[in-house]
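Number of protein chains: 2
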Amino acid sequence: MELTDVERAIETVINQFHCYAVKGQKEYLTPNEMQELVVQKLPHLGKVRIECMGDPDEAKLEFGEYWDMMGDAAKGCRRK
Amino acid sequence: MELTDVERAIETVINQFHCYAVKGQKEYLTPNEMQELVVQKLPHLGKVRIECMGDPDEAKLEFGEYWDMMGDAAKGCRRK
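Note that the protein sequences, when read in sequence, are chains A and B.
Just so you know, we're using the UniProt record's numbering here: the first sequence kicks off at 1 and counts up by one.
Just so you know, we're using the UniProt record's numbering here: the second sequence kicks off at 1 and counts up by one.
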């Protein structure tokens with residue numbers, strides 16, 4: 001099955017979630033894991049608001065919220 | 001500036017919006033433009049719910065909503 005460029009792009013964003021969501025066994029990211037992902041994978045996308053994720057030990061970022069944060073980063077870099 | 005693979009992926013998803021948002025001069029997609037994008041660029045991602053976009057002539061899909069719909073498609077293909 002030959003994916004289009006857009007499908008491969010979406011797949012890449014999904015794979016990062018799975019790759020970093022270790023503690024949550026691919027179901028959620030912890031704020032620390034999200035921070036690591038942002039620093040390592042989104043160095044040029046500027047400020048992704050991690051603070052609003054609450055308690056670093058408790059907060060769990062599920063795929064939907066992760067995708068929303070990627071959307072924020074995307075909106076940020078659209079204006080550039 | 002060398003983008004990471006994830007940044008290039010996000011850029012690809014953004015560029016599709018700009019590429020198809022002709023009538024809205026890159027500010028919004030019409031349901032017909034979104035339909036075209038889905039058919040041409042997301043053939044394998046299965047059903048992206050276009051119907052909920054309302055009146056095909058009036059409805060305007062801004063970037064945030066477009067990104068959310070991509071998220072729905074992503075969630076759909078995560079379960080596969």
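Each hint should be verified, as a subset may be incorrect.
[Said to hold, decoys possible] With a cut-off of at most 27 Å between alpha-carbon atoms, the simulated DSSO-like pairs for lysine-lysine come out as follows:
(1) A:K23 - B:K75
(2) B:K75 - B:K41
(3) A:K60 - B:K75
(4) A:K60 - A:K41
(5) B:K60 - A:K41
(6) A:K75 - A:K60
(7) A:K41 - B:K23
(8) B:K75 - B:K60
(9) B:K23 - B:K60
(10) A:K26 - B:K60
(11) B:K75 - A:K26
(12) A:K41 - A:K26
(13) B:K60 - A:K23
(14) A:K41 - B:K41
(15) A:K60 - A:K23
(16) B:K26 - A:K75
(17) A:K41 - A:K75
(18) B:K41 - A:K75
(19) A:K41 - A:K23
(20) B:K60 - B:K26
[Claimed, not checked] What follows is a list of derived Cβ distance ranges for each label pair:
(21) B:K75 - A:P43: 25 to 31 Å
(22) B:E2 - A:R8: 25 to 31 Å
(23) B:D5 - A:E65: 17 to 23 Å
(24) A:N15 - B:M1: 18 to 24 Å
(25) A:P56 - B:G54: 14 to 20 Å
(26) A:E2 - B:H18: 22 to 28 Å
(27) A:D57 - B:L3: 28 to 34 Å
(28) A:Q40 - B:D55: 40 to 46 Å
(29) B:Q25 - A:V22: 38 to 44 Å
(30) B:R8 - A:D57: 29 to 35 Å
(31) B:V22 - A:E36: 36 to 42 Å
(32) A:D55 - B:T4: 17 to 23 Å
(33) A:G24 - B:P56: 38 to 44 Å
(34) B:V39 - A:K75: 23 to 29 Å
Keep in mind that the hints were calculated from the coordinates and are not lab data.
Even glycine gets a Cβ: it sits at the ideal position worked out from N, Cα and C.
Do the hints match the structure? See the list:
1. A:K23 - B:K75: holds (20 Å)
2. B:K75 - B:K41: Measuring from Cα to Cα gives roughly 17 Å; hence the hint holds.
3. A:K60 - B:K75: holds (17 Å)
4. A:K60 - A:K41: Distance ~19 Å between K60 (chain A) and K41 (chain A) Cα, so the pair holds.
5. B:K60 - A:K41: violated (32 Å)
6. A:K75 - A:K60: Measuring from Cα to Cα gives roughly 23 Å; hence the hint holds.
7. A:K41 - B:K23: Given that 27 Å is the threshold and the Cα spacing comes to 33 Å, the pair is violated.
8. B:K75 - B:K60: holds (23 Å)
9. B:K23 - B:K60: holds (10 Å)
10. A:K26 - B:K60: violated (34 Å)
11. B:K75 - A:K26: Satisfied, since the Cα-Cα distance of roughly 13 Å is no more than 27 Å.
12. A:K41 - A:K26: This hinted pair holds, its Cα atoms lying about 18 Å apart.
13. B:K60 - A:K23: violated (40 Å)
14. A:K41 - B:K41: holds (24 Å)
15. A:K60 - A:K23: Holds. K60 (chain A) to K23 (chain A) sits at ~10 Å (cutoff 27 Å).
16. B:K26 - A:K75: Holds: K26 (chain B) and K75 (chain A) sit about 13 Å apart, inside 27 Å.
17. A:K41 - A:K75: holds (17 Å)
18. B:K41 - A:K75: holds (21 Å)
19. A:K41 - A:K23: holds (19 Å)
20. B:K60 - B:K26: Roughly 11 Å separates the two Cα atoms, so the pair holds.
21. B:K75 - A:P43: 25 to 31 Å: Hint holds: Cβ distance 26 Å, inside 25 to 31 Å.
22. B:E2 - A:R8: 25 to 31 Å: Violated, since E2 (chain B) and R8 (chain A) (Cβ atoms, about 19 Å apart) do not stay within the stated range.
23. B:D5 - A:E65: 17 to 23 Å: Between D5 (chain B) and E65 (chain A), where Cβ atoms are some 22 Å apart, the hint holds.
24. A:N15 - B:M1: 18 to 24 Å: holds (23 Å)
25. A:P56 - B:G54: 14 to 20 Å: Given a distance of about 41 Å, which is not inside 14 to 20 Å, the answer is violated.
26. A:E2 - B:H18: 22 to 28 Å: holds (24 Å)
27. A:D57 - B:L3: 28 to 34 Å: holds (32 Å)
28. A:Q40 - B:D55: 40 to 46 Å: For Q40 (chain A) and D55 (chain B) the Cβ distance comes to about 44 Å; the hint holds.
29. B:Q25 - A:V22: 38 to 44 Å: holds (43 Å)
30. B:R8 - A:D57: 29 to 35 Å: The hinted range 29 to 35 Å holds for R8 (chain B) and D57 (chain A), with Cβ atoms some 33 Å apart.
31. B:V22 - A:E36: 36 to 42 Å: Because 39 Å falls inside the window, the suggested range holds.
32. A:D55 - B:T4: 17 to 23 Å: Roughly 28 Å apart at Cβ, these two residues miss the hinted range, so it is violated.
33. A:G24 - B:P56: 38 to 44 Å: Hint holds: Cβ distance 40 Å, inside 38 to 44 Å.
34. B:V39 - A:K75: 23 to 29 Å: Holds - the Cβ-Cβ distance for V39 (chain B) and K75 (chain A), about 25 Å, lies within 23 to 29 Å.
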